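Number of protein chains: 2
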Amino acid sequence: MDFLTSPVRYLKKKQPIYQISTLQSLIMGNYYGATTVEQLLRFGDIGLGMFHAADGELILLNHRCYRILGDGSARLAAMEDRVTFASVSFLEEGDTISLGAMESLDALRGLLDERVELLGANNLYIVRVDGVFHRVAARTELKQEPPFKKFAEVLAKDERRFVFENISGSLVCFYFPQYLEGVNTAGWHFHFLDDACTCGGHVFDIEMERGKALLNKTDRFVMDLPHNQEFQDAALENASKDEIRQIEQGGK
Amino acid sequence: MDFLTSPVRYLKKKQPIYQISTLQSLIMGNYYGATTVEQLLRFGDIGLGMFHAADGELILLNHRCYRILGDGSARLAAMEDRVTFASVSFLEEGDTISLGAMESLDALRGLLDERVELLGANNLYIVRVDGVFHRVAARTELKQEPPFKKFAEVLAKDERRFVFENISGSLVCFYFPQYLEGVNTAGWHFHFLDDACTCGGHVFDIEMERGKALLNKTDRFVMDLPHNQEFQDAALENASKDEIRQIEQGGK
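Chain order of the listed sequences is S and C. Each residue of the first sequence is one higher than the one before, starting from 1 at the first, in my numbering. Each residue of the second sequence is one higher than the one before, starting from 1001 at the first, in my numbering.
You may find that some hints are simply not true.
[Unchecked claim] Straight-line Cα separation of at most 30 Å, DSSO-like style, residue types lysine-lysine; simulated pairs:
#1 K14/S <-> K1014/C
#2 K1014/C <-> K1217/C
#3 K14/S <-> K143/S
#4 K1149/C <-> K217/S
#5 K217/S <-> K1150/C
#6 K1157/C <-> K1143/C
#7 K143/S <-> K157/S
#8 K1217/C <-> K150/S
#9 K217/S <-> K1014/C
#10 K1143/C <-> K1014/C
#11 K14/S <-> K150/S
#12 K14/S <-> K1157/C
#13 K149/S <-> K1217/C
[What the hints assert, rightly or not] Derived coverage of chain C by chain S (criterion: at least 3 residues anywhere in the stretch with Cβ under 8 Å from a Cβ of chain S; other residues may be distant):
#14 1052-1062
#15 1146-1160
The set of hints was computed from the structure by calculation and includes no laboratory data. Keep in mind that this is a model prediction, so the values were computed, not measured. Backbone N, C-alpha and C fix where the C-beta goes; we use that ideal spot for every residue, glycine too.
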């Protein structure tokens, strides 16, 4: 089975991570929609990203795409909703890893890093963690109006943080290797959605009672570039790695 | 027409640049074959790269893949020949740009840069230049044996340079944006093959009498990662940008 005789099956077999836009573009303030939810769903059933105008964090789980509002509540996105930036993939069955209590996101990150070191840190990974949490600390952003400010300024003013306590739900986790920093976050990126699909966000920290992780390794990366003029004009090499790290990890 | 109902046509419509491995991996000394010529031809009819064991520069033109030997001569590659690194795409018809005399590769690069600035420097470009040349200065490398040295050391010892005079042929030119430096060369990368398909190489300089350029802009990048253990183990963030630039531009 190969690409030209059966490309759908081949692509699904290859299980690419599909990405729209680059993280650097988002960080520099390009929040214009570059694709739609409908288009995004063609490339994956699990993923994370952000909506047009920085109007909420995006989480794609179980073939459904959710928008996180300013109070941390989740709303099912419409097919025509526009998406600024996202990474998605098709999650496949495989070995699951039983997770005991995790006192922090760093602890989970450490455990996942160990697994990635064994399997090859230069590949890409998709992990779904289903867990019971004492606490999930998360954020989203409020809708911006053009001309858009840089993402660091948006977070300073229009970031909304919330803590969910005693909740069951899923973490969507994507890992990108060092050499793709700027294109995405090098290392891990976590979004959360509760089992009832009522709340979630970009995750800063967790306390997990127990959980299980399903980890997929992938060796194909597909990136589509935005067509908006702001992307064409951006000096994308100017976003610093420190800035990316700071923004993704919540100012730590 | 979309990806899942007609992915072949969609992919061809999107006209991705397909890449196997990363330039950084090659520069750090990973010359193990990561795919075959047969596989590569499924993803493009034009391209450039390098063969297994650094055994010659690769040029793909008119659906045929050539290997440049140590004396600068070109040999049609076998379908089972292994490829370390390559960027390929399907070249589409479009407007051609008539080129007058070009006294250097820098002059051609400048002209192409102007065009890219107009069309958007954050996209990817494929250019074919058919020309009559007073002079083409090129290089290839001699086959290496494992354990492989870093590419800079290979070039110091086993690079072979040659000059072709009064020759007609084609330049295969790929442009990558700044934010993909390391994954590939930011800016332009040129390989040459003469009209008779008898000689070529990685291009350092040209003097062109006249020519025409066919430029394609693309907004999709697809990258497959090698499966060899050396790729899994490499510290890919350690190859410096200066090193990449020096190697690609011939120590200038």
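Hints, verified against the model:
no. : hint                : in the structure
1   : K14/S <-> K1014/C   : holds, 19 Å
2   : K1014/C <-> K1217/C : holds, 10 Å
3   : K14/S <-> K143/S    : violated, 36 Å
4   : K1149/C <-> K217/S  : holds, 29 Å
5   : K217/S <-> K1150/C  : holds, 28 Å
6   : K1157/C <-> K1143/C : holds, 11 Å
7   : K143/S <-> K157/S   : holds, 11 Å
8   : K1217/C <-> K150/S  : holds, 28 Å
9   : K217/S <-> K1014/C  : holds, 26 Å
10  : K1143/C <-> K1014/C : violated, 36 Å
11  : K14/S <-> K150/S    : violated, 35 Å
12  : K14/S <-> K1157/C   : violated, 38 Å
13  : K149/S <-> K1217/C  : holds, 29 Å
14  : 1052-1062           : violated (count 0)
15  : 1146-1160           : violated (count 0)
Checked against the numbered hints above, the structure breaks hints 3, 10, 11, 12, 14, 15 and satisfies the rest.
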